[in-house]
Amino acid sequence: EPEVTQTPSHQVTQMGQEVILRCVPISNHLYFYWYRQILGQKVEFLVSFYNNEISEKSEIFDDQFSVERPDGSNFTLKIRSTKLEDSAMYFCASSPVGYTFGSGTRLTVV
Amino acid sequence: GENVEQHPSTLSVQEGDSAVIKCTYSDSASNYFPWYKQELGKRPQLIIDIRSNVGEKKDQRIAVTLNKTAKHFSLHITETQPEDSAVYFCAALRGNQFYFGTGTSLTVIP
Numbered sequence: 001e002p003e004v005t006q007t008p009s010h011q012v013t014q015m016g017q018e019v020i021l022r023c024v025p026i027s028n029h030l031y032f033y034w035y036r037q038i039l040g041q042k043v044e045f046l047v048s049f050y051n052n053e054i055s056e057k058s059e060i061f062d063d064q065f066s067v068e069r070p071d072g073s074n075f076t077l078k079i080r081s082t083k084l085e086d087s088a089m090y091f092c093a094s095s096p097v098g099y100t101f102g103s104g105t106r107l108t109v110v
Numbered sequence: 001g002e003n004v005e006q007h008p009s010t011l012s013v014q015e016g017d018s019a020v021i022k023c024t025y026s027d028s029a030s031n032y033f034p035w036y037k038q039e040l041g042k043r044p045q046l047i048i049d050i051r052s053n054v055g056e057k058k059d060q061r062i063a064v065t066l067n068k069t070a071k072h073f074s075l076h077i078t079e080t081q082p083e084d085s086a087v088y089f090c091a092a093l094r095g096n097q098f099y100f101g102t103g104t105s106l107t108v109i110p
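Taken in sequence, the protein lines are chains B and V.
Mapping of the first sequence onto this note's numbering: position 76 corresponds to residue 76, and the numbering continues sequentially without gaps.
Mapping of the second sequence onto this note's numbering: position 55 corresponds to residue 55, and the numbering continues sequentially without gaps.
One chain only, chain V, in its complex shape (with noise of 0.2 Å):
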């Protein structure tokens, strides 16, 4: 099976600053790479995604990076706010199944 691995588990940063989330995973058939934003007691919401065929997406201050060859696959959020701060969980699409991280809880302190 799949295996995501996330890091770190636990990111501070200061409001403006930018913060990167990293996530790397074992199967080369995984496929779509989603990043959802997570609020204390909230769902999980989709902020970005990325497919395989595709290196790099933006969307405002969000982009997601991908590298197939070494399997791994980052969060970078520019110029962070502190309505950012959340749990960020990353995941892979392998077959019809989404494999999270286990999540990486930032804080923006302002």
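Excised from the complex, chain B in its bound form (with noise of 0.2 Å):
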């Protein structure tokens, strides 16, 4: 079965540095998204993705956030200055069969 991976699994930063996070969605798939969890949390949407564009972000998704297709197979996001409440786990998905959540990114910032 196709899968949504994604790169790291964990990475923890200092406060004010950048992170990239790398998404490879289902080939065949359109839509891309992030979402992020803090733990115990529920989970939120971030930011959409669609014909190499955004088509939709949350208020979480301001301009310290960026996302990127740099080729026909990865999807990137992009935290530019790292806070403390950044620390979450991160999921890309991607549609639109069943919408597919990839593994996750646990992202520390100490």
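Incorrect hints may appear among the rest.
[Said to hold, decoys possible] Pairs of lysine-lysine residues, derived as DSBU-like cross-links and limited to a Cα-Cα distance of at most 35 Å, are as follows: (1) V:42 - B:83; (2) V:42 - B:78; (3) V:42 - V:68; (4) B:42 - V:58; (5) B:57 - V:57; (6) B:57 - B:78.
[Unchecked claim] To list a few chain B residues with every Cβ distance to chain V over 12 Å, as calculated: (7) 12; (8) 14; (9) 18; (10) 62; (11) 78; (12) 87; (13) 89.
[What the hints assert, rightly or not] With beta-carbon atoms standing in for the labels, derived distance ranges: (14) V:56 - B:17: 45 to 55 Å; (15) B:53 - V:46: 18 to 28 Å; (16) V:95 - B:72: 23 to 33 Å; (17) B:41 - V:26: 15 to 25 Å; (18) B:74 - V:110: 37 to 47 Å; (19) B:20 - V:28: 34 to 44 Å; (20) B:64 - V:78: 39 to 49 Å; (21) B:20 - V:53: 38 to 48 Å; (22) V:51 - B:2: 18 to 28 Å; (23) V:81 - B:62: 35 to 45 Å; (24) V:17 - B:62: 42 to 52 Å; (25) V:55 - B:31: 20 to 30 Å.
No lab work stands behind these hints: they were computed from the structure.
Glycine included, each C-beta is placed from N, C-alpha and C at the ideal position.
From the two separate chains plus the hints, produce the assembled complex.
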């Protein structure tokens, strides 16, 4: 069964540093998403991406966040200057079939 | 925007009993309602979904019902087993964005 893959599985970074989270969506999917889940809380939408541009974003997705599809397979989330409250599990997802989540990247900002 | 509420937040049942989790949504434009099971530290996994033109869907021990008029949908798990223990999230798709419930931690007691 096709999978959405994410790397790294765990990243620790110092506050103020930039991080890039990587995702490889399912190849024939057209919509890509980033979600985050702060420990013990619900999954929150960050951004959706279609046709090489952002189609929708939440209030969480402020100027320190950006997304890119640098080539035909990868989909990245960049956090420019990390804050402690950015510590969370970040899930990439792609659709339309069943809306498949990646295995997540646990980001820890220290 | 959409607002999804989920109840209960925790649920304990004896093995073999049924479990019911309920979600309400606010926006009648939402048209797709998936349920996800999330085991500790893992990605949300789609377990069942329902579209707005269907009232009920069943897959073995799992069923989902949708009441469009009342704007609520429910997950039913029959003959629960210890491996059903997990956090379950409902979601509603409005436009291009999923809105998640706050999760229900289900514990099945052997």
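Structure-based check of each hint:
1. A hinted pair counts as satisfied when its Cα atoms are at most 35 Å apart, and residue 42 (chain V) with residue 83 (chain B) qualifies at roughly 24 Å.
2. For the hint pairing residue 42 (chain V) with residue 78 (chain B), the CA-to-CA distance comes to about 22 Å; that is within 35 Å, so the pair holds.
3. In summary, the hint linking residue 42 (chain V) to residue 68 (chain V) is supported, as the alpha carbons are separated by about 31 Å, within the 35 Å threshold.
4. Note on residue 42 (chain B) and residue 58 (chain V): the hinted pairing holds, with a Cα-Cα distance of about 25 Å set against a maximum of 35 Å.
5. With a C-alpha separation of about 31 Å, the suggested pairing of residue 57 (chain B) with residue 57 (chain V) holds against the 35 Å cut-off.
6. Of the supplied pair hints, the one linking residue 57 (chain B) and residue 78 (chain B) holds, its CA atoms being roughly 14 Å apart against a limit of 35 Å.
7. Residue 12 (chain B), annotated as away from the interface, keeps every beta carbon of chain V farther than 12 Å; the closest lies near 16 Å.
8. Annotated as non-interface, residue 14 (chain B) keeps its C-beta farther than 12 Å from every C-beta of chain V; the closest such distance is 24 Å.
9. For residue 18 (chain B), the shortest C-beta to C-beta distance to chain V comes to about 25 Å, beyond the 12 Å cut-off, and the non-interface label holds.
10. The non-interface label for residue 62 (chain B) is consistent with chain V: the shortest C-beta to C-beta separation is roughly 17 Å, beyond 12 Å.
11. At roughly 21 Å from the closest C-beta of chain V, the C-beta of residue 78 (chain B) stays outside 12 Å, upholding its exclusion from the interface.
12. For residue 87 (chain B), the non-interface assignment is confirmed: its Cβ lies about 15 Å from the closest Cβ of chain V, beyond the 12 Å cut-off.
13. Not every Cβ of chain V is farther than 12 Å from the Cβ of residue 89 (chain B); the closest lies at roughly 8 Å, contradicting the non-interface assignment.
14. The given range of 45 to 55 Å is respected by residue 56 (chain V) and residue 17 (chain B), whose C-beta atoms sit roughly 50 Å from each other.
15. Here the CB-CB span from residue 53 (chain B) to residue 46 (chain V) is close to 26 Å, well matched to the stated 18 to 28 Å.
16. At roughly 26 Å, the beta-carbon separation of residue 95 (chain V) and residue 72 (chain B) lies within the given 23 to 33 Å, and the hint holds.
17. Distance hint check: the CB atoms of residue 41 (chain B) and residue 26 (chain V) are about 20 Å apart, consistent with the given range 15 to 25 Å.
18. Under the hint 37 to 47 Å, the C-beta atoms of residue 74 (chain B) and residue 110 (chain V), about 44 Å apart, fit the expected range.
19. Taken as a hint, the range 34 to 44 Å holds for the pair residue 20 (chain B) and residue 28 (chain V), whose Cβ atoms sit roughly 39 Å apart.
20. With their beta carbons about 46 Å apart, residue 64 (chain B) and residue 78 (chain V) fall inside the hinted range of 39 to 49 Å.
21. Taking the beta carbon of each, residue 20 (chain B) and residue 53 (chain V) are about 41 Å apart, inside 38 to 48 Å as hinted.
22. For the hinted restraint 18 to 28 Å between residue 51 (chain V) and residue 2 (chain B), the CB-CB distance of approximately 22 Å keeps it satisfied.
23. Between residue 81 (chain V) and residue 62 (chain B) the Cβ separation comes to about 43 Å, which falls inside the hinted range of 35 to 45 Å.
24. The hinted window of 42 to 52 Å between residue 17 (chain V) and residue 62 (chain B) holds, with their beta carbons roughly 45 Å apart.
25. Distance hint check: the CB atoms of residue 55 (chain V) and residue 31 (chain B) are about 27 Å apart, consistent with the given range 20 to 30 Å.
Violated hints amount to a single one, hint 13; each of the other numbered hints is respected by the structure.
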